[in-house]
Amino acid sequence: MEHIERESMEFDVVIVGAGPAGLSAAIKIRQLAIEHNLPDLSVCVVEKGSEVGAHILSGALLEPRALNELFPDWKELGAPLNVPVNQDQTHFLLSATTSKEAPHWMVPKTMHNDGNYVVSLGNVVRWLGQKAEELEVSIFPGFAASDVLYHADGAVKGIQTGDMGIGKDGEPTHNFTPGYELHAKYTIFAEGCRGNLGKRLIAKYNLDKDVDPQHYGIGIKELWEIDPAKHKAGLAMHGAGWPLNETGSSGGWWLYHAENNQVTLGMIVDLSYENPHMYPFMEMQRWKTHPLIKQYLEGGKRISYGARAVVKGGLNALPKLTFPGGCLVGDDAGFLNFAKIKGSHTAMKSGMLCAEAVFEAIQAGVAKGGEVAYARVTEGEDLFAKELTSYTDKFNNSWLKEELYRSRNFGPAMHKFGQWVGGAFNFIDQNVFKIPFTLHDLGTDHGALKTVDAVSFKPTYPKPDGKLTFDRLSSVFVSNTVHEENQPAHLKLTDASIPVNVNLPKWDEPAQRYCPAGVYEIMENDDGSKRFQINAANCVHCKTCDIKDPTQNITWVTPEGGGGPNYPNM
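The numbering of the sequence shown is the working numbering, which starts it at 1 and goes up by one.
No wet-lab data here; the hints were simulated from the structure. This one's a predicted model, so the numbers in the text were calculated from it and none came from an experiment. Some hints here could point you the wrong way.
In the BS3-like style, the derived pairs of lysine-lysine whose C-alpha atoms are separated by at most 25 Å in a straight line are [claimed, not checked]:
id : residue 1 : residue 2
1  : LYS458    : LYS492
2  : LYS301    : LYS463
3  : LYS467    : LYS230
4  : LYS209    : LYS199
Construct the entire structure; sequences and hints are all you get.
Structure below.
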């Protein structure tokens, strides 16, 4: 395709991603700008979803600590935190029919939920978006950040939004609209777990040098409307055990009673699982048949479905947060506290800390003679700090660092010692006394998968009944996933021959199973040969393929802006 002339727009700060971290950063910068008499300081947020909140997926129990700092009067302002947790249960599913509830005192303190709220994180984010706009933040939904722009000296200059109207052949169609260049003094990357640009920046600047490999889970969620007689607003249930223990896999589940007779439920499967025949989506469907879970769902109706990778390496895997011209916040860096199974409050706090560093740098540059409302230009570069190391300093002196440090051993203990011994270790570490050493988990999730000849157990999954259990395609339908069909596939193969020639004989091509949306299929040609088919239109943007493919042959990139799921009340 020929060189395209693009329009550019200038801002003081560009933020990629309108999630909890990105919006908290935007809000905090504008709050500081108004407080310190820099009202023209411009902040832009680009969001690939069709609207703010469209791609937000979380359990979710929200710990309001960061929100209390950002908006101390959030209750009066109408934040959608309407259901406080009033019952907190942890269950071990011992078999397909039996379970045992753990006494509350036996549960690690990090998993206690006193003071937390059952929320739709999508709705919380929509509310944050409204607050940001009231502070004159420019929010551009439906614009995917497709590339990073650099100055000649290698510092980040901003981002380019994706072109619209490119056909499957890579050529412009009659609907072609070129993307924009958005230039900024500082660019904050808040794309969420396994961010496309964040992944590139970590590699370019070697930000993960000397830290543990990052680890992930796949979170699969459903939203149900249930019989009012069975609804218990504020009940939060967590658990582990069956069915994942049958394949030697680790993970856990949740079921939260929200408002309006709705429950959110789902399962997180650690992507360090070994059995190539294990099928995370069907494990979650099978889990719903357990009497403990089924009792709430019978007679109800599934409203929505979604899936998303979860970053869970914690402090040990946290990359360097800054690089010339930009920063990583939220799950783009990996701030989720897996010991709490919560990342919204930590994402928000990271965005707020970054915002303070960004504002102080711009304020200092203005004091030296620079201007707000204009992006950095060559002759003015000396007025603004190139790398915001103060963000790292602020993190190191924050409750966020303290919280992640206290939880640093949780994930490695579960991976090294298993559910029971690892659980005992974590009980001692969190409830009795702090273990004085740090465990490390140096394996990679994609490298954990065993070959088919090394695994004897192959689980069987009953056919979905369409009432309690479902297939993937009907699930994608209720996720409201939409993509422009005539566009290049946003799932890229480094080597198109690997799925059939390598992955199929060694691992029975696990993409057929780890994808929760039926994107990948092995098809048979007329001559009996096999081919690998990618149904990119099904993709719910979970990024699991980018993480778990054993040969690291799949790269997820942004499709056209506005494409993907449209999650209501999730």
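Violations among the numbered hints: Of the numbered hints given earlier, the structure breaks just one, which is hint 1.
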